[in-house]
Structures are given as C-alpha cells and as structure tokens.
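Chains A and B, in that order, are what the protein sequence lines are. Take 3 as the starting number for the first sequence in this note's numbering and just add one per residue. Take 3 as the starting number for the second sequence in this note's numbering and just add one per residue.
It is worth saying that the hints were derived from the structure and are not from the lab. Be aware that a few hints might be false.
One copy or two, either will do: identical chains are not told apart, so a pair holds if it fits within one copy or between any two.
[Claimed, not checked] Derived EDC-like pairs: lysine to aspartate or glutamate, alpha-carbon spacing no greater than 20 Å straight-line:
(1) Lys64 to Glu117
(2) Lys64 to Glu5
(3) Lys64 to Asp112
(4) Lys64 to Asp222
(5) Lys64 to Asp78
(6) Lys64 to Asp10
(7) Lys64 to Glu212
There are 2 protein chains.
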Amino acid sequence: MREAYQSDLRHVVEDLVHMASLVENAIRDASTALATGDLALAERVIAADMTIDQRQIDLDEKIVEMLARQSPVATDLRLLVAALRMSSSLERMGDLAEHVALSARRRYPDLVVPEQHREALATMAELVVQGVVDAATVIQERDLALAGLVERRDSDIDAIQSELYRAVTRADDLGTEQVMDLILLGRYYERLGDHAVSLVRRVAFLVTGEAIDAHSPVTDVPEV
Amino acid sequence: MREAYQSDLRHVVEDLVHMASLVENAIRDASTALATGDLALAERVIAADMTIDQRQIDLDEKIVEMLARQSPVATDLRLLVAALRMSSSLERMGDLAEHVALSARRRYPDLVVPEQHREALATMAELVVQGVVDAATVIQERDLALAGLVERRDSDIDAIQSELYRAVTRADDLGTEQVMDLILLGRYYERLGDHAVSLVRRVAFLVTGEAIDAHSPVTDVPEV
Numbered sequence: 003m004r005e006a007y008q009s010d011l012r013h014v015v016e017d018l019v020h021m022a023s024l025v026e027n028a029i030r031d032a033s034t035a036l037a038t039g040d041l042a043l044a045e046r047v048i049a050a051d052m053t054i055d056q057r058q059i060d061l062d063e064k065i066v067e068m069l070a071r072q073s074p075v076a077t078d079l080r081l082l083v084a085a086l087r088m089s090s091s092l093e094r095m096g097d098l099a100e101h102v103a104l105s106a107r108r109r110y111p112d113l114v115v116p117e118q119h120r121e122a123l124a125t126m127a128e129l130v131v132q133g134v135v136d137a138a139t140v141i142q143e144r145d146l147a148l149a150g151l152v153e154r155r156d157s158d159i160d161a162i163q164s165e166l167y168r169a170v171t172r173a174d175d176l177g178t179e180q181v182m183d184l185i186l187l188g189r190y191y192e193r194l195g196d197h198a199v200s201l202v203r204r205v206a207f208l209v210t211g212e213a214i215d216a217h218s219p220v221t222d223v224p225e226v
Numbered sequence: 003m004r005e006a007y008q009s010d011l012r013h014v015v016e017d018l019v020h021m022a023s024l025v026e027n028a029i030r031d032a033s034t035a036l037a038t039g040d041l042a043l044a045e046r047v048i049a050a051d052m053t054i055d056q057r058q059i060d061l062d063e064k065i066v067e068m069l070a071r072q073s074p075v076a077t078d079l080r081l082l083v084a085a086l087r088m089s090s091s092l093e094r095m096g097d098l099a100e101h102v103a104l105s106a107r108r109r110y111p112d113l114v115v116p117e118q119h120r121e122a123l124a125t126m127a128e129l130v131v132q133g134v135v136d137a138a139t140v141i142q143e144r145d146l147a148l149a150g151l152v153e154r155r156d157s158d159i160d161a162i163q164s165e166l167y168r169a170v171t172r173a174d175d176l177g178t179e180q181v182m183d184l185i186l187l188g189r190y191y192e193r194l195g196d197h198a199v200s201l202v203r204r205v206a207f208l209v210t211g212e213a214i215d216a217h218s219p220v221t222d223v224p225e226v
C-alpha cells in the first residue's frame with residue numbers, strides 16, 4: 003500500500019513533467035508557425051491543445067482520488083495541492099500557445115509580425131521555451147538555483163515586451179491590425195513567462211516552505 | 003468535531019463569497035476610475051489588490067489544513083478542491099481589475115478611452131460586474147439556472163470585445179497608444195468574464211458531477 007502510494011506520487015510528478023514537454027512543443031511549434039507562416043503547423047498546435055486539456059483533467063482526477071484514498075498529510079499533501087495548481091498553469095500555457103497559433107492562422111498567408119519586430123518576438127519565444135524546459139527540470143529535480151534563473155529570465159521577457167510596446171507606440175508604419183497583433187502576441191508570451199515563474203515558485207515553496215508569491219508578485223503589466 | 007468540520011466547510015464558502023465581493027468592488031471602482039479619470043480611486047484599487055491576494059493565501063492555507071486534519075472524501079473533498087481553484091480565479095480577477103486601474107493611472111489626467119468607444123467599455127464593465135455578483139450567488143446558493151445566465155452573458159461580453167476590436171481595426175482617428183490601451187482593456191474585461199464562467203462551472207461540476215470544461219472550453223480568443 004505505502005509502496006503503491008509512493009509510486010503514485012512519483013507518477014504525479016512525471017505527469018507534470020510530461021505536460022510541460024507537451025506545452026514546450028506547443029510553444030515552439032506555434033512560434034515557428036508565427037515566424038514562417040506555416041499554416042499546417044499552426045493547425046497542428048491548435049488541434050493538439052485538446053490533448054493538453056485532457057491531460058490536465060486526467061491528472062486532476064488522479065490527484066483527487068489520491069487525496070480521497072490516501073489522506074496524505076504534510077509534505078505529500080502540499081505536493082498534491084501544488085500539483086493541482088501546476089496542472090492549471092500548464093493547461094493555461096497550452097491555451098496561450100494555441101492563441102499564438104491562431105494568430106498565425108488568422109493572417110495566413112501573410113506573416114503576422116512585421117520584419118522590424120520579428121527579432122523581439124523570436125527572442126521572447128526562445129526565452130519562454132527555455133523557461134518551460136527549465137521549469138520541467140525544477141519540477142523533476144527541485145533545483146532551486148535553476149528556479150532563480152527562470153525568475154531572472156522572466157524579467158528579461160518583461161523588458162523585451164516593454165521595449166516592443168514602446169517601439170510599437172513610436173512606429174508610424176504599422177497598420178492598426180498589426181498593432182493589435184503585436185500587442186496581443188507580446189501579452190501572450192509575457193503571460194507564458196509568468197506561468198513558468200509560477201511553476202517554479204510552487205516547487206520552491208514545497209522545498210523551503212516559504213511562499214514568495216505574497217511579497218514579490220509576478221509582474222504582468224507592461225511598463226510603456 | 004463533526005460539527006466544527008461542517009462549520010469549517012461553510013466558512014470556506016463564505017470566504018469565497020467574500021472574496022467575490024472584494025473583486026466585484028475592485029472591478030466596479032477600476033471601471034469608474036477608467037471612465038472618469040479618477041486617479042485617487044485608481045490608486046485605491048491598486049492598493050486594495052494586496053488584500054485580495056492575502057485572502058487567497060489565507061483561504062488556501064485553511065483548505066490545506068482541512069485536507070490534512072479532516073481527510074474529507076467524496077463531496078466535501080470535491081468542494082475543497084473546487085474552492086482552491088475558485089480562490090485562484092478570484093485572485094486573478096483582482097489582478098485584472100488592478101490592470102484596469104493601472105491603465106487609468108498611466109494616462110492620467112487624460113481619459114484612456116476615446117469617446118466613441120466608451121459605451122462598449124462601460125457595457126463590458128457592467129456585464130462583468132453582474133457576472134461576478136451572480137457567480138457569488140451561484141457559489142452560495144448553487145443556483146444552476148443562474149450559472150447558465152453567467153455563461154450566456156459571457157458570450158455577450160465576447161461579442162462586444164470582437165466588435166470593439168473590429169471598430170478599432172477600422173478606425174483611422176486613433177493614436178497607437180489608444181489602440182494599445184483599447185486592445186488590452188478589451189482583453190482584461192474578456193478574461194474577467196471567462197473567470198466568472200470558470201467559477202460557476204466549478205459549482206455546476208460540484209452539483210452535477212459532470213465536467214463541462216472539457217467539451218466546451220471558455221472562448222478567449224477574439225474573432226476579428
């Protein structure tokens with residue numbers, strides 16, 4: 003019984019890591035579709051989001067069953083509650099990747115992002131993907147030094163978003179639709195970065211027992 | 003012991019309803035500050051978000067303690083897990099209200115929203131506030147007919163957002179900053195509406211045992 007229980011707990015962590023890898027692929031593919039105008043790839047990301055949603059439903063069901071059957075306490079209970087939160091974040095990240103893909107599809111065969119802003123978007127995408135990869139490692143290995151790196155990288159993402167918004171505000175060669183796309187895409191990537199931070203903070207809380215959320219909220223308002 | 007436990011469960015519901023009323027006030031005040039350029043009111047909303055954040059932390063702590071001490075099963079367990087999710091939604095709604103207030107503050111003493119778009123924003127704000135009020139009633143009274151109304155009202159909010167985005171796209175008298183503000187404000191209200199739906203769906207799931215999330219996801223992508 004105890005052994006099965008420990009194995010269940012390990013499976014929860016594995017499920018989270020697996021969800022993170024699905025999310026990583028979704029963000030990567032959506033960003034490629036955005037950069038290259040690859041409609042088929044965008045469609046695949048949009049279709050695949052259902053898989054991520056279903057993973058969350060299954061994982062949550064498993065966690066509720068464990069809570070009911072095992073009545074875990076202390077660290078194990080905290081892990082399960084944190085896992086509920088993390089699966090929510092990952093599901094939402096899947097939605098945001100889908101939004102990027104939908105944006106690419108909406109303007110096809112045009113490219114959404116005007117040339118002068120492509121580098122900013124590509125850099126945000128890269129940093130976000132790296133954030134998800136690292137968050138998965140943090141979930142698996144509880145490496146708090148790496149968690150700190152995810153936090154610092156999120157500040158870089160915020161800075162690029164602010165710079166992008168300022169550049170858009172200054173630009174006089176953008177159509178209104180382009181402005182709209184850039185503002186929303188900036189916001190999607192920025193939110194993705196926040197969710198990666200939220201994932202690693204949950205792990206940090208499990209390890210240290212100290213909530214950092216309360217005193218240093220994740221910034222999600224662009225400074226323009 | 004049992005009695006104390008039942009009373010704890012009732013307190014969880016009361017705490018959620020109270021958080022909802024704080025969120026309702028935050029959205030209402032932020033929307034007034036946006037419409038009237040009331041800087042002091044915007045500042046109050048921004049400062050008050052900490053209270054909502056702290057309520058979530060306290061409520062979550064209480065729920066985890068109940069899970070640990072009472073080892074609830076079946077309906078009670080589902081209620082507590084749903085409450086964890088609902089407190090997350092409410093906390094996020096507080097953030098979004100704060101974003102509206104920050105937007106008002108950023109452009110002070112100018113009004114953020116150009117005259118021709120004020121009605122759309124004011125209507126979205128009203129519908130969102132009504133959604134939160136009704137969601138609180140649904141949480142307290144488990145009135146699924148009212149839950150249906152919250153869902154339908156969210157479709158109206160989405161429709162106004164889409165119309166706003168189309169109007170912004172067609173407009174030739176808006177500065178880029180104005181476009182940016184309108185797009186982000188439209189998004190904040192639309193997300194607020196989604197969260198209200200998410201709250202009532204959690205209650206519907208508790209009552210009926212049927213998840214509707216899986217098959218009818220909340221739409222959060224504007225059709226433009």
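A quick look at each hint next to the structure:
{"no.": "1", "hint": "Lys64 to Glu117", "in the structure": "neither (46 Å within a copy, 51 Å between copies)"}
{"no.": "2", "hint": "Lys64 to Glu5", "in the structure": "within (17 Å within a copy, 29 Å between copies)"}
{"no.": "3", "hint": "Lys64 to Asp112", "in the structure": "neither (43 Å within a copy, 52 Å between copies)"}
{"no.": "4", "hint": "Lys64 to Asp222", "in the structure": "neither (32 Å within a copy, 27 Å between copies)"}
{"no.": "5", "hint": "Lys64 to Asp78", "in the structure": "both (14 Å within a copy, 17 Å between copies)"}
{"no.": "6", "hint": "Lys64 to Asp10", "in the structure": "within (9 Å within a copy, 25 Å between copies)"}
{"no.": "7", "hint": "Lys64 to Glu212", "in the structure": "between (26 Å within a copy, 16 Å between copies)"}
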